[in-house]
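J.: Going letter by letter, the sequence shown gives residues -24 to -1, 1 to 741 in mature numbering (1 follows the signal peptide of the UniProt record, and there is no 0).
One should not assume that every hint holds.
Stated by the list, open to error - Label-pair restraints from in silico Cβ distances:
no. : residue 1 : residue 2 : range
1   : G507      : P717      : 20 to 30 Å
2   : P279      : G21       : 19 to 29 Å
3   : E343      : A669      : 23 to 33 Å
4   : R616      : T510      : 51 to 61 Å
5   : G612      : S713      : 25 to 35 Å
6   : Q631      : F461      : 52 to 62 Å
7   : R675      : P164      : 53 to 63 Å
Stated by the list, open to error - Straight-line C-alpha distance at most 27 Å; calculated BS3-like pairs for lysine-lysine:
no. : residue 1 : residue 2
8   : K337      : K391
9   : K157      : K44
10  : K438      : K397
11  : K438      : K337
Hint data in this document are derived by calculation from the structure and do not stem from the laboratory.
None of the values given here were measured: they were computed from a predicted structure.
For every residue, glycine included, the Cβ atom is placed at its ideal position computed from N, Cα and C.
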Amino acid sequence: MDDFDTGRFRFCVLLLFLCGIAGAVKREDQLLLPIVDDRGGNSNGLQTFIVNVEEPEAVELLSSRKLKQWHESFLPNATLDSGEPRLIYSYRHAISGFAAKLTQEEVKAMEAMEGFVYARPETTMRIETTYTPQFLEISKMGGAWDSGNMGEGVIIGVIDTGIAADHYSFSDDGMPLPPAKFRGSCTPKSKVTCNNKIIGARGFHYGPDTAVDENGHGTHVASIAAGNFYDRADVFGMAAGTASGMAPRAHLSIYKVCYTVQSRTQTPSVDCRDSDILSGIDRAIIDEVDIIHMSLGANTTPPFYQDAVVHGSLSALRRGISAVASAGNNGPDHLTLSHDAPWVLTVGASSTDRRIRATVKLGNGMELDGESAYQPTSFDSSVMLPIVYGLFCNDSSKMNQISGKIVLCELGDIKNIEKGKLILQAQGAAMILMNPVPRGYTTSSDAHVLPASSLSYNDSIKVIRYYTTVGASATATIVFKGTVFNSRPSPAVASFSSRGPGTRNGGILKPDVVAPGVNILGAWPFEVGPGAATPSQSAFNFLSGTSMAAPHVSGITALIRKQHPRWSPSAIQSAIITSADDRDLDGNYPVDEHFGGTADVVAVGAGQVNGSRALDPGLVYEIDVGIYPAYLCSLGYTNRELKILWGKGVICHHQQHVDASQLNYPSITIDYRRTRGVISVKRTVKNVAAGGAEHYRARITIPPGVTMALSTNALHFSRPDEEQSYHVTFAIDPAASPTLPFSRGKLEWVSAQHLVTTPIAVYWP
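With these hints in hand, go ahead and build the complete structure from the sequences.
T.: What follows is the structure in structure tokens.
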């Protein structure tokens, strides 16, 4: 090849890689990506509508039949021409309303009826898809497991894809009987047999009524939150040890609202319809669960009254139930976060210090550390194999020249494991998965079907540069090194984790916290790897996503609930936020795996969840649920929209509006995008320390760009449940010129026994 051809070859290959990664934004694994799908119409114009109506008098006393009759009174008739009932769900708690099959014209006619409030076509959410109890120091002597009695007697309602109930992670060894208050059951149609671990299970309308998990996501999530102990957990021998959830003695109630949808032209998707989500929340409230967990999300952030997770969570909150949700997998961009309401505990994803090491060794001697769960001993790492790169990974028709070679693949529309299957079918020897720019340093330890390694973006560029320099003589191999610990920096914010600021909440800092969500080991219904995906009672798998991060926090919420059964959901949320670690294991601010620099405050929130400290926070910030109508009015919601969320009897112009910054939230956000000048905020803390008397001194880290004044530098408490208030005043510092859109600071209340940290975020125009 002459110099001109060589140069052209190098340019074309590099251009192909860069163009490929530009088009591969965050689509490595659709299973863990939340997207909204507005499909739903058919040839005669029928759609499923979520219809809000005024609550009838004494609704709590109405029988289910009477409530159904009230809802049916809004319909043009009870059945369709096909004989199918129009009414799909009659909601009692999640919202005041119902779901029904209607046309746009029928909805228009309904708008004139007395008691009608609002109707919208349902949308579709999708799921966002061991060692972490040890990494979070929950299992250590004197840790959260000791204090929180492993969550014994607490009920976590998991709204997801169902469960593989016969998996060993859900045995009821050592489990107590279900609490007497629980009103749920494993329905006959669910095809799930209850025990003392899984105490309830049911499926919902959109798919079959079974609660059996045909996908794996719900099983994985439930095992992270409350899986029982299983001492032979591993994936191909990697990460071997005893697996358990965060709250191994908590009970599980399963609500299957997400179903696999087959497509003739695309990879099957997992759809979670609004009507089913609301019905799952409704049933969880009726069943009297303590915590509702939802690893569900959307590409867009709808108004609160159109968000099934947010709306249903508000209804749950009013009945004393905590709601935990995933932040979304739409990072690394800002303004991508789901479920940013203050009454939802919103969780982003971070890494652990564990890696399943698969090192790529290039022909020039360079070694690049990647990851893979499949590490076959039959692969001879001493043999350097030729590398090929191009359009070989997504199209089997182009794979006739890869036999015996290592194939370079970019992350893209086809799942990692599916790429490997195509390469294996074409007799390729191995695969190197190369991150696009958005994925940065976050790598995956997938259960591949052939030797493979997942590389960071920076290391992927090194591979491409080597390949373009050497050309057809380029070689490589993969050296498998098993499970390694103490990797640094750790924890770091996962590149895919959705970032704030929230777009709907008026400036409240979200996510609230981050938790382990990268390459998390969890229970799996099927065998993984090269063999057939046969059902298994003992299989485990690695998954990444905020779907995996959020159940860590649901489990920790169960531990707190057990230790402090009288605490309100907002007190529990406060304990988790104010006890989070805002530094990594080396004492630095966490790194953002997108670009390798310091993660900003809207990526990490308060920091990494710390379960042990959350059980004994010292002070808590509580929010009176009754203040939320005034807060919603401050966001600009109309009286009708407020009625949808809260019910009748509240009118905005009768309310004294409460700005987001004035909510008694455990974090403080000053949003100079919306206002300027001096801003003063008030906070009230309650003493929850076991000893009663305690004295705190203030320690302040001022965010760059502002001045900050505190009304008092000391808080003195003499008894439990005593409350004290303080004010913090912010002003723009004329001598400073912030160069970043977000500034980070904190207010710490320090006593001899406790450290209570209120994160502070300042948003700049």
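J.: Take the hints in turn and mark each one as holding or not.
T.: For each hint, the structure was consulted:
{"no.": "1", "hint": "G507 x P717: 20 to 30 Å", "result": "violated, 49 Å"}
{"no.": "2", "hint": "P279 x G21: 19 to 29 Å", "result": "holds, 25 Å"}
{"no.": "3", "hint": "E343 x A669: 23 to 33 Å", "result": "violated, 58 Å"}
{"no.": "4", "hint": "R616 x T510: 51 to 61 Å", "result": "holds, 53 Å"}
{"no.": "5", "hint": "G612 x S713: 25 to 35 Å", "result": "holds, 31 Å"}
{"no.": "6", "hint": "Q631 x F461: 52 to 62 Å", "result": "holds, 53 Å"}
{"no.": "7", "hint": "R675 x P164: 53 to 63 Å", "result": "holds, 58 Å"}
{"no.": "8", "hint": "K337 x K391", "result": "holds, 24 Å"}
{"no.": "9", "hint": "K157 x K44", "result": "holds, 25 Å"}
{"no.": "10", "hint": "K438 x K397", "result": "holds, 25 Å"}
{"no.": "11", "hint": "K438 x K337", "result": "holds, 11 Å"}
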